[in-house]
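Given chain A, work out where chain B should sit, using these hints.
Heads up: the sequence lines are chains A and B, in that order.
In terms of the working numbering, the first sequence opens at residue 1 and continues consecutively.
In terms of the working numbering, the second sequence opens at residue 1 and continues consecutively.
Everything labelled a hint here was simulated from the structure, so no lab data went into it.
Since the model is a prediction, treat every value here as computed from it, not as a measurement.
No residue lacks a Cβ here, since even glycine has one placed at the ideal position from N, Cα and C.
Errors might be hidden in some of the hints.
What the hints assert, rightly or not - Label pairs and their calculated CB-CB ranges: (1) B:Arg195 x A:Arg182: 31 to 39 angstroms; (2) A:Gln129 x B:Thr144: 40 to 48 angstroms; (3) B:Ile101 x A:Lys13: 17 to 25 angstroms; (4) B:Phe172 x A:Ala111: 13 to 21 angstroms.
As the list claims (entries may be wrong) - Each computed DMTMM-like pair below joins lysine to aspartate or glutamate, with the alpha-carbon atoms no more than 20 angstroms apart: (5) A:Lys154 x A:Asp6; (6) A:Lys154 x A:Glu3; (7) A:Lys154 x A:Asp106; (8) A:Lys154 x A:Asp72; (9) A:Lys52 x B:Asp184; (10) A:Lys13 x B:Glu97.
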Amino acid sequence: MLEVADLVTAYGKIEALRGVSLSVAPGSITCLLGPNGAGKTTLMMTATGLLKPRRGSIRFAGEELAGRAPHDIVARGIALVPENRLVFPTMTVTDNLAAGAYQRRDNVAIAQDVERMFARFPRLKERAQQQAGTLSGGEQQMLAVARALMSRPKLLLMDEPSLGLAPLVVEEIFSIVTELNRDGTTIFLVEQNAHMALQVAHHFYLMEQGRVTFSGTPGQVAEDEVIRRAYLGSAKA
Amino acid sequence: MLIDLVQNTLDGLMLGSSYALLALGFTLIFGVLRRANLSYGPAIMVGAYAATWVHLQFHAGFLALAAVTVLGAVATGVYVERLCFAPYAGGRRRTPEAAAIASMVGSFALWMQLEEAATLVLPRHLYSFPSFYGGPPLALGPLTVRVEYFAMLACAVAAAFGLHRLLTRTRFGLGVRAVIDNADAARLAGVNVPRVFLLVFALASALGGLAGYLIIAAHEQVTPMLGMWSTLKGLIAMMLGGLGSLPGAVVGALALGLMEAHSQWLAGPQYRDLVAYFVLFALLALRPAGLWSLLRSRSAGPA
Chain A
1 MLEVADLVTA YGKIEALRGV SLSVAPGSIT CLLGPNGAGK TTLMMTATGL
51 LKPRRGSIRF AGEELAGRAP HDIVARGIAL VPENRLVFPT MTVTDNLAAG
101 AYQRRDNVAI AQDVERMFAR FPRLKERAQQ QAGTLSGGEQ QMLAVARALM
151 SRPKLLLMDE PSLGLAPLVV EEIFSIVTEL NRDGTTIFLV EQNAHMALQV
201 AHHFYLMEQG RVTFSGTPGQ VAEDEVIRRA YLGSAKA
Chain B
1 MLIDLVQNTL DGLMLGSSYA LLALGFTLIF GVLRRANLSY GPAIMVGAYA
51 ATWVHLQFHA GFLALAAVTV LGAVATGVYV ERLCFAPYAG GRRRTPEAAA
101 IASMVGSFAL WMQLEEAATL VLPRHLYSFP SFYGGPPLAL GPLTVRVEYF
151 AMLACAVAAA FGLHRLLTRT RFGLGVRAVI DNADAARLAG VNVPRVFLLV
201 FALASALGGL AGYLIIAAHE QVTPMLGMWS TLKGLIAMML GGLGSLPGAV
251 VGALALGLME AHSQWLAGPQ YRDLVAYFVL FALLALRPAG LWSLLRSRSA
301 GPA
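For reference, chain A alone in the conformation it holds in the complex (with noise of 0.2 angstroms):
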């Protein structure tokens, strides 16, 4: 579904990305793991737009993603939800909701949309009319999925989604990922919390200094004496 190859994405002189091929099969989980620094918010700010690679490809669905605008790259049907979330802090969670929605114009179905994410996310329902800045950390990230999600990606894109949050929110990110995932919905995250990954992916990357140095199933990953040191503790998952 995505296929990223010999990418390279560079601040200046210094390349962020120095040669990344990986790719992410349709209807599955991957996960991306790896050191701070090691270029995973770069990789998922190339994918969508936000940076411009210097060389290499990225296709989805057969089509070539590298250098178009990052609303073109959302109406083709891939949505981020960002590090940090970056919710609009000033406009309500209902606003939050319909900017997510504004690559498209079926008026009717975005409504039924937002109902729908109301309905899988009742925190927000009760915070509708509120502020997005004035949420709990563990709100704004629900926000930030539903927000992804009312583009209706065929791939979500999630940086680190359970940063900074309590392991009950963690643990409930996590469950929604699997059920976005069994109906229907690609998805490709980073994530230091290797042992929620663990539990979901299908599929690993491990990325250092801006190249993918492994790539395997789970059950390589918890084989791997150097990845199980260093992302699960010492301890033999």
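Chain B only, in chain A's frame:
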């Protein structure tokens, strides 16, 4: 004495409402791009010069002159955006501060260019411009109201109301608010941000052009100084109200109009601008968030 006070307050509010139109346009650009557009006033001046030229050539009616002023300002505003803002606005930047400075300096350069161009076409220092109303002022008991000023008030109220509807009820308005809140998040939500920038420039310039027409028709004259004058009034009203807040811009503009009207009466016309600058200075020193924040925290009451 009391009559004078009321009359001055009335005059100040009407003068302030023309500033409100200027400030709404200026603030819209600042709120969306987080950048000051120094060519905002000069674009209005170009519209005014285009209308003056049309007036001299064809003696066109007031609706045509108003339309030419607005269209001239919009065309120039778009030209400024393409040249000074669009190239520095795309995507994530390594050095956003440098891009902001490039935009501002670029808009200063275009200000000079536009002023030179206008005075090449119409080289006299001052041109007379027709009012849209030839009759006497309206009398409200002992008070008088110039029809031109009353039109400013009516247009400002209509524009503020229309802008509010546009921002809160339309898809475009949703996109504008999203960009104001967080441009990157807006991109990720699917908002075509460069397009929003362009349309906001066009809209802001249209508001400015409308203000420009009303002002030159009320003053019945056009000079090249209109450019700097419009930028300054818009900028001061925005800063009085609080950077980037649209309701704040209206409050700041009305306050500026009131201050000017009263200080002119109390101290004479030569002190009018001095008082406005002094109040701006005092406010920035004591309450940098502007008048709007003062009103809001007051009405919010104890937390």
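For each hint, the structure was consulted:
1. B:Arg195 x A:Arg182: 31 to 39 angstroms: Roughly 37 angstroms apart at Cβ, these two residues keep to the hinted range, so it holds.
2. A:Gln129 x B:Thr144: 40 to 48 angstroms: 46 angstroms, holds
3. B:Ile101 x A:Lys13: 17 to 25 angstroms: At 22 angstroms between Cβs, range holds.
4. B:Phe172 x A:Ala111: 13 to 21 angstroms: 18 angstroms, holds
5. A:Lys154 x A:Asp6: Violated: Lys154 of chain A and Asp6 of chain A sit about 23 angstroms apart, past 20 angstroms.
6. A:Lys154 x A:Glu3: 14 angstroms, holds
7. A:Lys154 x A:Asp106: Holds: Lys154 of chain A and Asp106 of chain A sit about 17 angstroms apart, inside 20 angstroms.
8. A:Lys154 x A:Asp72: 14 angstroms, holds
9. A:Lys52 x B:Asp184: OK: Lys52 of chain A and Asp184 of chain B at ~14 angstroms, within 20 angstroms.
10. A:Lys13 x B:Glu97: Judged against 20 angstroms, a Cα distance of about 19 angstroms means the pair holds.
When the structure is compared with the earlier hints, a violation turns up for hint 5 alone.
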